[in-house]
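K.L.:
Listed below are the residues making up each chain.
Protein chains: 4
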Amino acid sequence: MKKLRIGLIGYGFMGRAHSNAYRKVGNFFDFEHECVLQAACARDAAKAKDFARRWGYQSVETDWRKLIARDDIDLVDICVPNNLHAEIAIAAAKAGKMILCEKPLSMNTPEGRKMVAAVERAKVPNMVWYNYRRVPAVTLAKQLIDEGRLGKIFHYRAKFLQDWTISADLPQGGAGLWRLDVKAAGSGVTGDLLAHCIDTALWLNGGIEKVNAMTETFIKQRKHTLTGKVEKVGIDDACAFLARFNNGSLATFESTRYARGHKALYTFEINGEHASIFWDLHDLHRLQYFDHRDQSLVRGWRSIHVSDGDQPYMNHWWVPGLQIGYEHSFVHQVADFIQGLETGKPAGPTFRDALETQQVCDAVLKSAKSQRWEKVARAK
Amino acid sequence: MKKLRIGLIGYGFMGRAHSNAYRKVGNFFDFEHECVLQAACARDAAKAKDFARRWGYQSVETDWRKLIARDDIDLVDICVPNNLHAEIAIAAAKAGKMILCEKPLSMNTPEGRKMVAAVERAKVPNMVWYNYRRVPAVTLAKQLIDEGRLGKIFHYRAKFLQDWTISADLPQGGAGLWRLDVKAAGSGVTGDLLAHCIDTALWLNGGIEKVNAMTETFIKQRKHTLTGKVEKVGIDDACAFLARFNNGSLATFESTRYARGHKALYTFEINGEHASIFWDLHDLHRLQYFDHRDQSLVRGWRSIHVSDGDQPYMNHWWVPGLQIGYEHSFVHQVADFIQGLETGKPAGPTFRDALETQQVCDAVLKSAKSQRWEKVARAK
Amino acid sequence: MKKLRIGLIGYGFMGRAHSNAYRKVGNFFDFEHECVLQAACARDAAKAKDFARRWGYQSVETDWRKLIARDDIDLVDICVPNNLHAEIAIAAAKAGKMILCEKPLSMNTPEGRKMVAAVERAKVPNMVWYNYRRVPAVTLAKQLIDEGRLGKIFHYRAKFLQDWTISADLPQGGAGLWRLDVKAAGSGVTGDLLAHCIDTALWLNGGIEKVNAMTETFIKQRKHTLTGKVEKVGIDDACAFLARFNNGSLATFESTRYARGHKALYTFEINGEHASIFWDLHDLHRLQYFDHRDQSLVRGWRSIHVSDGDQPYMNHWWVPGLQIGYEHSFVHQVADFIQGLETGKPAGPTFRDALETQQVCDAVLKSAKSQRWEKVARAK
Amino acid sequence: MKKLRIGLIGYGFMGRAHSNAYRKVGNFFDFEHECVLQAACARDAAKAKDFARRWGYQSVETDWRKLIARDDIDLVDICVPNNLHAEIAIAAAKAGKMILCEKPLSMNTPEGRKMVAAVERAKVPNMVWYNYRRVPAVTLAKQLIDEGRLGKIFHYRAKFLQDWTISADLPQGGAGLWRLDVKAAGSGVTGDLLAHCIDTALWLNGGIEKVNAMTETFIKQRKHTLTGKVEKVGIDDACAFLARFNNGSLATFESTRYARGHKALYTFEINGEHASIFWDLHDLHRLQYFDHRDQSLVRGWRSIHVSDGDQPYMNHWWVPGLQIGYEHSFVHQVADFIQGLETGKPAGPTFRDALETQQVCDAVLKSAKSQRWEKVARAK
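Chains as they are written, first to last, in my numbering: chain A, 15 to 394; chain B, 15 to 394; chain C, 15 to 394; chain D, 15 to 394.
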């Protein structure tokens, strides 16, 4: 077995999700590479140690530069707030490390371009954690589309609805709340949630030509955890946009953290000439599929319980009828990354793929300001 | 147009449902016969008049014998409590009237046999109001089964769950509450609700060989509306039974009025070698269908919105996607009855068909007492 | 009983739905007024006679001007293509008739203004058939919002999805297909489907300040039934728009006839500070309700089967658990119209209310052309 | 950290599920004990080694007696076919090992009694893997019932439906198919699937007084994998039974492997005086809850997405809205077992608890033969 020695930076929600994936992948998938939890890195030494102990990392670092400098690290996993992605990733690329970076790729397109340039110059394997591509039902959707089952696509609609920031008493900034702080996050729901919707959409339905957006910040001021002062809220609480894809289909996208009743309701629907598809993160193990070629007498939306061995990834898990959950999408992503290493066909989304999502996000935010349609910049 | 002059006895829930059906059928279906609301009959003259005015009956009677004796009545519709069915039906048959009788046919099998003998001797068209056969989704189920799509049947399961008699303060007997009075109703959920389940089952899956039942009366005593006294409750509040069909399939049936959350949840499911079917009265316009012959990758339960023009009865109503409701099953039953008159192929369930349901009900009640399997008597 | 003598113009889908409502309302509701089907009017005499016979109209006319001139007509019901609404309505108002007009009110705002002026000058009772307000679940939504249960509203989203015009072989124009002919319909999905969504939205959530739309015509040319020639298609096949309501909430609206799997899927969702609501025309008898004030341990979306006697309109129908269908919304609208006559408090949507919907539609179509945000004109 | 050194016997589906649980529990739960994968045991040395390598077991054994004899094993986990449970468990108890045994406890009640006697005599911690108790939604159901929210219970109904043995070509016996071989399994769906339903039922609703069952073997003969000959099938393919609980509630139970469309559809519903509960293994992260005390206007079944931090076990996983899957029930069971060790309050189901399930299973199979009601033996 070849060792894939991982150095992980960050110990939050994503740090846990990735560590779990590295630990599990070898139990369920067969590869030449074995993941080794080599080092965990966090500024707070006590937290780093605690995290390392819990997850079985063999060492700790408190300075990410030292982590990157180590010879015994093959892969750097970046699980820190968005404003730190670029600096770390570029340094890691220079150090010749493989890089797995949390989404969104960067604070903005220019920063993203530098990151892409860095990994491509260094020729290091790289990937961004847009994990929802690897939910089996979503991968199945991709497969059905690629087989041409839907025919010409007319419509795409996606939503990502949450309700956790409705209270005006919630502060911004600091651990767990950096997503409300524009300096750390870059944007609100656009980079956090719509970025997921856009990544899936580009993968399933191709490039987006132009967008027309509106954003809103319902709570204008919140106390800042780090400064202790009430400060202006710089992020978008909600964002909706119209879009036109290159293939001629029309789209609506919407995200908010002010939708009571929805904890993490990412949904998408695609309407094609022959068939339609619907998926929903709250029941992520199901795919809804309507095929107009079914006999009209018994035509209906099929609720596919994606747990059979011939459905994507499912032969690696339990038996038909038994569902997997959220965390498994990360295991699949690690598996595909390793398979990319071993086959020489890198799995997406690479930094370059994720830059395209960044470009759409930037066009969305630009349109929300300009109040007009904005073209999406071509990736280059 | 030939006139079909109707004399209706009773003015309760079913009196309304039937009157509505007679009034509507000609607007949506084309026949040589036209329903004429000739006379409404009820013991209370004021109520009879009020009912007749509201529904457009041209005359009233307060004695059903007089109604039956009238020359200008072609069809007698019996919508009174169960204990009155036999006497009226037998007299009406002797008078040469067509008869539509509310379900269940009779208080018990012997009474039912006399009713069948009467209508068959008199050769009068006859039918029992097991209306759920004519919900389009249920009719579609019948069609799919008859086409052989399910293959050999392994399992049948039906339930009819309500929750309206949980309060111990509810009295028994009198208008609206005669269903709790064993003298008027004959039995509780068995004759009221399971009779529906059994009628559908016999129609869809053939005869039942034997049954094994348990019943329960949760509230043992209730005040009687007519006597003003607290009296023993003679009906079954709940009944569940195992059954074996003649075709070798196994079944479970259950009904209760003590299931919180279910107002009128009649459901059935059939599992065959190749396909399964599920239906639910709370969403009566849908049929759930699973076809194992679908490609496994996209196999799932199909939720069929039964509102297309090629689905049973639906070409008579609105446009695809627009649902009809409970009352339409009665309109369809009138339509099929008239079609039976015009084609000479009587539509079911006839009195004879309904006698078979009665025989199953009697075997169920007998088994609940004997605590053993009981054979269902052969209809004759 | 006072007679409400109805003269109905048109014999299509809506002519049937309205006639059914007039016939049924007196069976289920108690009023001083009785609907009398006095005359049916259609250009084709044979069709008019056939329609009158089927529905029980006492006479026929082939020229709507004659119908309006008759003394024995109290109410004119306009069920003809959109391009005829204004002329007939203005003439009927001048003749002092009450007017029920199919939706949308008019071809455009200027025409609509004239119609409003005509009925207000003539002081005749008037109403537009935006029937979905009277689906009990929708009326319940209105009640919950008016009680303040949702609190401040953040988001509104509505869709109306169909799939019946995907085939390029479908012609435009003529009976049943006039909705594809811009000269008869004025617009495509905007006036036909989004108008329903907008009417409900204005009723539930107040006025719309501005909109930003895109439209598409997927099939650019279709054979015209009337000319026999292939002609340019002038209607919008699909339309999506962003909106801001006066109350500060954000909205997305979308409609298309190119969404496989959806026959008539009108849905709306409203997210408020405390609670959210979702409704769906394909299961119109249910309302989904989420109340954040429920204890968190057992908090969830409630699927309310709107069939209890204390829920809107339902005490007039059957018993709890038994659903009504599409057609009943029209019965309720007639009932409310009559109640308005008898109480002196006219029920909406009046012509004036419907003009506001027209103004939103016009802003939407204008925005689709201008490619920018457009303010909605103030009603006056 | 104290070490909990595990010796696992068997390497099949359950061997994987348990190993995964031991590996994960420490990442998500905090205990003084740390699970150590000390030894994996299987007759086939190559398979044992492969399994040990994949899951990280530090050693292998090919004879379970040797495993039990080892001093460095604290806990023996029995994941082999049912016919081997008793011998191994009794030997392990004598050796003073803690025991986790796969369900059902034993081939029959007498065997089970010996196992209970053995562990109680040896005073070793013991548990049976009825994992569904630890699906968070099921645990939540238990909590709601224990709080008295349902009030007096009227009805319990459970089903476990599969469809994997419909083909007559499927052989019996051998790896993966021992569940079809009565010598290895003891019974068919009764011990395999209904045992789960019964365990949950006894836990949620107390003891069962008597049962009345029917069973069926649809395919009478199948080729035996081990002998190569066509042999009589000794197991029950399907089983349904009526039951009465000690608390007066009525129940129906049903299981089959001949229900097309259901891979592993374990469902249960409980109807109480005030509230009802429904759960479904195909969407295991949801609990359906109906509370009649809700205001009638907005009363409905609540679909609770059990993923909030205050719902059972969920504070250990991700964030609200993100579902866990089947495998997590095993992690929870290990966590509760360890907590039982540390608090001195053993978690159930112990061998003694599981014996009660065995007694119900035996009464069911006895009733299916006797064709009468059979009392459930009292545990002792």
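There could be a bad hint or two in this list.
For identical chains, the list gives no copy identity; a pair is met inside one copy or between any two copies.
[As the list claims (entries may be wrong)] DSS-like cross-link-like pairs, simulated, lysine-lysine; straight-line CA separation at most 30 angstroms:
(1) Lys166 / Lys137
(2) Lys63 / Lys156
(3) Lys156 / Lys277
(4) Lys243 / Lys380
(5) Lys224 / Lys380
(6) Lys166 / Lys237
(7) Lys61 / Lys243
(8) Lys16 / Lys359
(9) Lys166 / Lys246
(10) Lys234 / Lys166
(11) Lys389 / Lys166
(12) Lys224 / Lys108
(13) Lys359 / Lys197
(14) Lys156 / Lys61
(15) Lys234 / Lys16
(16) Lys63 / Lys128
Simulated from the structure, these hints should not be mistaken for lab results.
K.L.:
Determine for every hint whether it applies to the structure shown.
P.N.:
Against the structure, the hints:
no. : hint            : verdict
1   : Lys166 / Lys137 : neither (37 angstroms within a copy, 52 angstroms between copies)
2   : Lys63 / Lys156  : neither (40 angstroms within a copy, 38 angstroms between copies)
3   : Lys156 / Lys277 : both (25 angstroms within a copy, 24 angstroms between copies)
4   : Lys243 / Lys380 : within (29 angstroms within a copy, 45 angstroms between copies)
5   : Lys224 / Lys380 : both (11 angstroms within a copy, 19 angstroms between copies)
6   : Lys166 / Lys237 : between (49 angstroms within a copy, 22 angstroms between copies)
7   : Lys61 / Lys243  : within (26 angstroms within a copy, 63 angstroms between copies)
8   : Lys16 / Lys359  : within (18 angstroms within a copy, 45 angstroms between copies)
9   : Lys166 / Lys246 : between (45 angstroms within a copy, 21 angstroms between copies)
10  : Lys234 / Lys166 : between (43 angstroms within a copy, 16 angstroms between copies)
11  : Lys389 / Lys166 : within (23 angstroms within a copy, 34 angstroms between copies)
12  : Lys224 / Lys108 : neither (35 angstroms within a copy, 50 angstroms between copies)
13  : Lys359 / Lys197 : neither (36 angstroms within a copy, 50 angstroms between copies)
14  : Lys156 / Lys61  : neither (40 angstroms within a copy, 36 angstroms between copies)
15  : Lys234 / Lys16  : neither (52 angstroms within a copy, 51 angstroms between copies)
16  : Lys63 / Lys128  : neither (33 angstroms within a copy, 48 angstroms between copies)
Of the numbered hints given earlier, the model fails hints 1, 2, 12, 13, 14, 15 and 16; all others are met.
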